[in-house]
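Student: Each chain is listed here by its residues.
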Amino acid sequence: MNWYAIRAIYRFEMARTFRTLMQSIASPVISTSLYFVVFGSAIGSRMIEIDGISYGAFIVPGLIMLMLLTESISNASFGIYMPRYSGTIYEVLSAPVSWLEIVIGYVGAAASKSIMLGILILMTARLFVPFSIEHPIWMLAFLLLTSVSFSLFGFIIGIWADGWEKLQIVPMLIVTPLAFLGGSFYSISMLPPLWQTITLFNPVVYLISGFRWSFYGVADVSVEVSLTMISLFLLICLFTVRWMFLSGYKLKN
Amino acid sequence: MDAVIRIENLSKTYADGFRALNNISLDIRRGEIFALLGPNGAGKTTLISTVCGIVNPSEGSVLADGHDVVRDYRAARSCIGLVPQELTSDAFESVWATVNFSRGLFGKAPDPAYLERILKTLSLWDKRDNRIMTLSGGMKRRVMIAKALSHEPTILFLDEPTAGVDVELRRDMWQMVRELRDQGVTIILTTHYIEEAEEMADRIGVIRKGEIILVEDKQTLMRKLGRKQLTLQLQNPISTVPPALSQYPLTLSEDGLQLTYSFDTQSDSTGIAELLRKLNAEGIDFRDLHTEESSLEEIFVSLVRDTA
Chain H
494 MNWYAIRAIY RFEMARTFRT LMQSIASPVI STSLYFVVFG SAIGSRMIEI
544 DGISYGAFIV PGLIMLMLLT ESISNASFGI YMPRYSGTIY EVLSAPVSWL
594 EIVIGYVGAA ASKSIMLGIL ILMTARLFVP FSIEHPIWML AFLLLTSVSF
644 SLFGFIIGIW ADGWEKLQIV PMLIVTPLAF LGGSFYSISM LPPLWQTITL
694 FNPVVYLISG FRWSFYGVAD VSVEVSLTMI SLFLLICLFT VRWMFLSGYK
744 LKN
Chain P
2 MDAVIRIENL SKTYADGFRA LNNISLDIRR GEIFALLGPN GAGKTTLIST
52 VCGIVNPSEG SVLADGHDVV RDYRAARSCI GLVPQELTSD AFESVWATVN
102 FSRGLFGKAP DPAYLERILK TLSLWDKRDN RIMTLSGGMK RRVMIAKALS
152 HEPTILFLDE PTAGVDVELR RDMWQMVREL RDQGVTIILT THYIEEAEEM
202 ADRIGVIRKG EIILVEDKQT LMRKLGRKQL TLQLQNPIST VPPALSQYPL
252 TLSEDGLQLT YSFDTQSDST GIAELLRKLN AEGIDFRDLH TEESSLEEIF
302 VSLVRDTA
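Going down the list, the sequences are from chains H and P. For the first sequence, the working numbering assigns the number 494 to the initial residue and increments by one for each residue that follows. For the second sequence, the working numbering assigns the number 2 to the initial residue and increments by one for each residue that follows.
Read the hints as simulated data drawn from the structure, not as lab findings. Don't take every hint at face value.
[To be verified] Here are the computed lysine-lysine pairs in the DSSO-like style, where the Cα-Cα straight-line distance is at most 27 Å:
#, chain 1, residue 1, chain 2, residue 2
1, P, Lys210, H, Lys745
2, H, Lys745, P, Lys141
3, P, Lys121, P, Lys109
4, P, Lys128, P, Lys109
5, P, Lys210, H, Lys743
[As the list claims (entries may be wrong)] One side of the interface only, derived from the structure: several residues of chain H facing chain P at Cβ under 7 Å:
#, residue
6, Asn495
7, Tyr497
8, Arg500
9, Ala501
10, Phe505
11, Thr581
12, Tyr583
13, Ser587
14, Ala588
15, Gly741
16, Lys745
[Claimed, not checked] Ranges of calculated distance between the beta carbons of each label pair, as one might list FRET restraints:
#, chain 1, residue 1, chain 2, residue 2, range
17, P, Glu117, H, Ser715, 57 to 63 Å
18, H, Arg500, P, Thr14, 34 to 40 Å
19, P, Ala110, H, Ile536, 52 to 58 Å
Here the structure is a predicted model, which means the values were calculated and not measured. Where is the CB? At the ideal position from N, CA and C, for every residue including glycine.
Put together the whole structure using the sequences plus the hints.
Tutor: Below, the structure written as structure tokens:
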């Protein structure tokens, strides 16, 4: 393993995060706070409890997931798209590094940032609504798995995209709708039976359900299924990235 | 011969069918400065990119210091430094951060003292904390070189290193390249400036339409193809070259006012003195004369044209 290379890429990416601290950290925190003000405090006070949890507390895991998905994808996709766009990718491609080392560097940095954001949002949420975390270890495990999987997914988008527009299109047109319809703001059990079945095809449902379980011990689908689905997604992404690097897809011609 | 880079039957066909490299075989000797000359689109950059791992070869093999650049890429790439043609850099990074990044990327332990030496050699030390975007074009070029040297390569590729660089910086770079060669670094440079190859290179390769059409020691090349011409402007036009001068390769211009004598720079005596005496004996007066030596540039142009 070329550890110096992994460290170099990781540091480079983290430096980018801290250089754009306002944009990197402040904007997700502010937008999540707005969600809490509107849905948690203003509307939430008029909503009935779901599964015995106040509405404000109910949406905390979903909102964190929503932010985690969008931030992981945008960080990782930007991280690899930028050097492709500017041409500096030549250096990484000509360096004595394997695809895995490149991925650990870039995706590791993007996931680290997402995890920091997730924890930051969690603390922000605590200022608005009281909630408890029943299984903190599992909560962190879900946080980690989701950040890594979706950073990998973002990394794939960053290699696939050949324009700024494409870079935005997947998060905007696919991931955000899936997250909103995946039970961020409601329990799947509140839907009519047909829609409950359809919803099960939405992968984000499993993420939110598992994550919410780690908070309150209640879930729409079983935790084992959630974990299996996330792990499966992670593996698919990992093998896709591996294929991209070994074949040179959009990286080498 | 100790080849530090051995290219064998290398071909590259791009996805769109364009054959950028066609069965290239080339050895680069350890410790030499090799200049790769060729017109735009001849395949210079593709060749370099294939050796450095940025372009996948279609056929053939490349060994860098004995390591196959595809199978044993770690060992091969570790000894290669690349200064690409385009000035691509991380605009928001500082000079210091970017050279440290490059060193780490190539798997070398941090060595601030070494990097300090590099930056000082390249007159970048004062700018080490500046963001790259604030630097001038010439300074950015130096940063690219510093990045390539940051991991102590033994083989250095310079792809058009002096394109768009002012005269002073160009001289500096030539000096630096010579110093690197003296330290044992093998240097392969591509250039448009024939002057640069003439000034720097030990050997010259000419690439055209993806094929190497010539590889030669610079001195040999200049001798072999270098010709001198003596041109005489005559006082009065003559209709034919007098029979007494028939032993000389003389050509007469159409207006009969200009005699051109071509001779080889290799031969011991040029025969000019004798020719002039005989002209005098024939009563041919001339009002002016001058000699020309073909430069590498003319050699290059004629090579590329002849094989077209």
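Student: Run every hint past the structure and note whether it holds.
Tutor: Outcome of the hint check:
Of the pairs offered as hints, the one joining Lys210(P) and Lys745(H) holds, with about 21 Å between alpha carbons and a cut-off of 27 Å not exceeded. Between Lys745(H) and Lys141(P) the CA atoms are separated by roughly 25 Å; this keeps the pair inside 27 Å, and the hint holds. Only pairs whose Cα atoms come within 27 Å are accepted, and Lys121(P) paired with Lys109(P) is accepted, the gap being roughly 20 Å. For the suggested pair Lys128(P) and Lys109(P), the alpha carbons sit about 23 Å apart, so the restraint of at most 27 Å is met.
This hinted pair checks out: Lys210(P) and Lys743(H) have alpha carbons roughly 25 Å apart, not beyond 27 Å. Satisfaction of the interface hint for Asn495(H) is found here, the shortest Cβ-Cβ separation to chain P being roughly 4 Å, below the 7 Å cut-off. This hint holds: Tyr497(H) has a C-beta 4 Å from the nearest C-beta of chain P, less than the 7 Å allowed. With a least beta-carbon distance of about 6 Å to chain P, the hint placing Arg500(H) at the interface is held under the 7 Å criterion.
Hint status for Ala501(H): holds, given a least beta-carbon distance of 3 Å to chain P, under 7 Å. Because the closest C-beta pair between Phe505(H) and chain P is about 5 Å apart, less than 7 Å, the hint holds. Annotation: interface hint on Thr581(H) holds; nearest CB of chain P at approximately 5 Å, less than 7 Å. Given the 7 Å rule on beta carbons, the hint for Tyr583(H) holds: about 5 Å separates it from the nearest Cβ of chain P.
Interface restraint check: Ser587(H) against chain P, minimum CB-CB distance 4 Å, threshold 7 Å, status holds. At about 4 Å, the closest approach between the beta carbon of Ala588(H) and any beta carbon in chain P falls short of 7 Å, and the interface hint on this residue holds. A least Cβ separation of about 5 Å between Gly741(H) and chain P falls short of the 7 Å threshold, and the interface hint therefore holds. Taken as an interface hint, Lys745(H) checks out: its beta carbon lies about 5 Å from the nearest beta carbon of chain P, inside 7 Å.
Between Glu117(P) and Ser715(H) the beta carbons are some 59 Å apart, a value that agrees with the proposed interval 57 to 63 Å. The beta-carbon spacing between Arg500(H) and Thr14(P), approximately 38 Å, falls within the hinted interval of 34 to 40 Å. Between Ala110(P) and Ile536(H) the beta carbons are some 57 Å apart, a value that agrees with the proposed interval 52 to 58 Å.
Checked against the numbered hints given earlier, the structure satisfies every one of them.
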